[in-house]
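Engineer: Construct the entire structure; sequences and hints are all you get.
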Amino acid sequence: MPRNLWLRVGLVVLVIGISLWYLYPPKKRINLGLDLQGGIHLVLGVDTTKAVQNQAERAAEDFRAALERKGIGVKRVARDGDRAFVVELASPGSWNDALTVASQFQTFERRNSDQAAGRFLMAMADREAGQQADLATRGAVEKIRNRVDKFGVAEATITRQGEDRILIQLPGVQDPDRAKALIGQTGLLEFKLLDERTPADEALAGRLPETSEVLYQRRVDRESKQETKIPYVVVKRTLLTGNELTDASVQADPNSPGNWQVAITFSASGAQRFGEITEQGVGRHLAIILDGTVYSAPRINERIPGGRAVITGQFTVDQARDLAIVLREGALPAAVSILEERTVGPSLGADSIRQGIIAIAASSVIVFLFMLVYYKLSGLIADIALVLNLVILLACMAAFGATLTLPGIAGIALTIGMAVDTNILIFERIREELKVGKTPRGAIEAGFNRAFRTIIDTHVTVLVTAAILYNFGTGPVKGFAVSLFVGLSASLFTAVFFTRLLFDMIYMGRRKVTTVSV
Amino acid sequence: MIEIFRSPNYNFIGRRRIAYALSILTLLAGLGSLGIRGLRYDIDFTGGTLVQMRFEQRPEIAQIRSALSAQGFGDSIIQEFGDPREYIVRLPLSKASSQEVAKKIEQALAAAPQLGKTEIRRVEFVGPQVGRELQLQAIYAVLFGLIGILVYLAARFDFKGGVAAIAAVFHDVIVCLGLLSIFGKEFSLPVLAALLTIIGFSVNDTIVAYDRLRENRGRGSQRGRTFADQMNDAVNQTLSRTVLTSLTVFFSTAILLFLGGKTLEDFAFVLFVGVITGTYSTIYVAGSLVVDWTIYVEGRRRGKKAVARA
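Chains as they are written, first to last, in the working numbering: chain A, 1 to 518; chain B, 519 to 828.
Be aware that a few hints might be false.
Unchecked claim - Examples of chain B residues lying across from chain A (beta carbon under 7 Å, computed):
1) Ile520
2) Phe523
3) Val644
4) Tyr658
5) Pro708
6) Thr766
7) Leu777
8) Gly778
Said to hold, decoys possible - Here are the simulated lysine-lysine pairs, DSS-like style, with alpha carbons at most 30 Å apart:
9) B:Lys703 / B:Lys622
10) B:Lys635 / B:Lys621
11) B:Lys622 / A:Lys229
12) A:Lys150 / B:Lys621
13) A:Lys236 / A:Lys50
14) B:Lys703 / B:Lys621
15) A:Lys143 / B:Lys822
16) B:Lys621 / A:Lys229
17) B:Lys780 / A:Lys150
18) A:Lys50 / A:Lys75
19) B:Lys822 / B:Lys678
20) A:Lys50 / B:Lys621
21) A:Lys150 / A:Lys50
22) A:Lys438 / A:Lys376
23) B:Lys678 / A:Lys143
24) A:Lys28 / B:Lys780
25) A:Lys143 / A:Lys50
26) A:Lys50 / B:Lys622
Calculated from the structure, these hints are not laboratory results.
Just so it is clear, CB atoms sit at the ideal spot from N, CA and C, and this is done for glycine as well.
Structural biologist: Structure follows, in structure tokens:
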């Protein structure tokens, strides 16, 4: 017997042992892709431009306030472009005072100064704009992660992708609409006063002051499911936002049976501010606005101390509960939009798994039988190698935490067909060598050696393609590339090394060998 | 010992002119269909919304369409999907978000009592940005795939062999795309993956035959024979291997095509077609082209010698 035979047996046993250890128990070890277990795959885009705009707008507000505190007359402070705001002074006389204020806004640069007109532009520095955009994405990832945690999805993946994208994978979610609504909602709660001097029809015709805007309330008729939009004219200035709240909880709506409402509690400072707003606004209407939609606009009858308010809408209990989560976790720093979505229902996933298993089983059976009938004992050896190949393939996927997708299953079925190619190459070669008149041992030796070069060639070409597919593919296609790559790599071990070992054990012993069963 | 070919000695290369005619015909048919009908791209590339649903009882397409028309989706593409109760609806990109579109479709179907209960099984939405990126990625994947294989071939083979192998790859890709177009199947990301796999597979067979050709020449057993005969020997010697491997892969893909379910159908279709054309092109595109190229070059050399002598 060749000297290192036992060493090789040891190596094979070790590989089998490690593989089985990684595979046990199989159900827990292999990650199923969303297309197999059902779930939602979302790619969200964060509107970072809008986040920077908001920042510029806020800075403009602050600037106006700073000027007013110093008693400098202001004609206009307004956002200009995405990341700048323009300042116009009431008189050029206060120019130097205004410049002192400007120097305090260190993240902005003063440009286009026109002293005679008392006008200049404050532009956000590039670095600051980049940072704001980055913060917006990072903040959005964090908030969404918190919301999903509270919603209760096991094994959710929420990761940032590139500059302004978020990849979200929620396996096994039963109600995709609800999950999407929860994730995609900005959750910006605002309190604004109604502009009661401008009638709605005037405003809709475009005749409204610069400081006012038209927002809508949505009402869905329960019988006909028809949606109506009711316009409201509100004062643009935001008096209070959801940032100031400490708690949000779900209650039954006492005025409309069957509907639910969300009760919110403000922080100490928020409660004080709310008290002031209601005190100053007695007799007016206060609009409660969520993401640009008016939910209600109750009349302020008196100062409301204690900092409590309710948001009513036509909420179901689930909707109210989700809104409460969103409000408690806080608004996203910028709006997000869905760029890509792939939702697979659990029943479809189960069907795919069933069909995939049938395909792999059928493909295995045919290839197994074929090899056995055509190559006899050698075919049996190839079949054993094939089983080992599948075991190693699955074990590698478990060990690397790779995900099995539907195209991945197809990749396995294909691997079964391709993996025996190596053995066929070797066996055909052995047959040829036997025909030329070589001794059985010589033929086996020559068969393995001569075929080896070709085997390497064929593997390299397919492995190159698989690697490229992995790099450029997304989701399911990646899964295909993974199983093809791992399966073919494993076949180098099983179809060459392992098969050779079995041949050596059978034919290279001391007894005389007269035939090769091939 | 069971053998499908007992010492095969078929005159493959000698009949290459018939094969050229066949190849040119299929390529023309494929290119013609690609030019006239074009390829139907999946929403992966065009962007849009796809909803897969299952009805409790068999619906009429007209019923589904009229239900969808009520929501303004009358122009959507409606297809049966693998089962008479299962359908997919495709919508082009619109201003409405994915959420709204899917929900409206759901509402539209729920509001049509004649359709019975429906289950939404799959929703896919690809926005314009993502669609463009996926297109680019697809182009890169094919490009890098070809470059990778080209580099490998250049390292392993002589110039003529490399060019002929690439010609065989192009032949296979065009045949696959042409048949996709003729059968009205869709070009999606998984189909692209299948196409790249076929490229790898097609080159595989070619390598096996070439390796044998060079091995034989190295041994010097071929002295005095024409290049066409040498190539024919190599093809014959590797014939049983080529056919056997193709058969096992062919079984695997056939099973995927017929048992793998509707989702994998187009993907399996490309693999299925690719295995057949990949095997064919090894002999009749790659092998034959090298033979004719060599004959042409030798002919010119001889011609020059003759001129020089005169």
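Engineer: Are the hints correct? Go through all of them and say.
Structural biologist: Now the hints, each set against the structure:
1. Ile520: holds (5 Å)
2. Phe523: violated (10 Å)
3. Val644: holds (5 Å)
4. Tyr658: Because about 5 Å separates B:Tyr658 from the closest Cβ in chain A, which is inside the 7 Å limit, the hint holds.
5. Pro708: With Cβ-Cβ at 5 Å, under 7 Å, it holds.
6. Thr766: Because about 5 Å separates B:Thr766 from the closest Cβ in chain A, which is inside the 7 Å limit, the hint holds.
7. Leu777: holds (5 Å)
8. Gly778: holds (5 Å)
9. B:Lys703 / B:Lys622: Holds - the C-alpha atoms of B:Lys622 and B:Lys703 are around 27 Å apart, at most 30 Å.
10. B:Lys635 / B:Lys621: holds (15 Å)
11. B:Lys622 / A:Lys229: The hint holds at about 18 Å.
12. A:Lys150 / B:Lys621: holds (24 Å)
13. A:Lys236 / A:Lys50: holds (17 Å)
14. B:Lys703 / B:Lys621: Answer holds: B:Lys703 to B:Lys621 is near 28 Å, not above 30 Å.
15. A:Lys143 / B:Lys822: violated (79 Å)
16. B:Lys621 / A:Lys229: Cα-Cα ~19 Å, so holds.
17. B:Lys780 / A:Lys150: violated (37 Å)
18. A:Lys50 / A:Lys75: At roughly 25 Å apart (the allowed maximum being 30 Å), A:Lys75 and A:Lys50 satisfy the hint.
19. B:Lys822 / B:Lys678: The given pair, whose Cα atoms are some 21 Å apart, holds under the 30 Å limit.
20. A:Lys50 / B:Lys621: holds (27 Å)
21. A:Lys150 / A:Lys50: holds (27 Å)
22. A:Lys438 / A:Lys376: holds (20 Å)
23. B:Lys678 / A:Lys143: violated (60 Å)
24. A:Lys28 / B:Lys780: Measuring from Cα to Cα gives roughly 28 Å; hence the hint holds.
25. A:Lys143 / A:Lys50: holds (17 Å)
26. A:Lys50 / B:Lys622: holds (28 Å)
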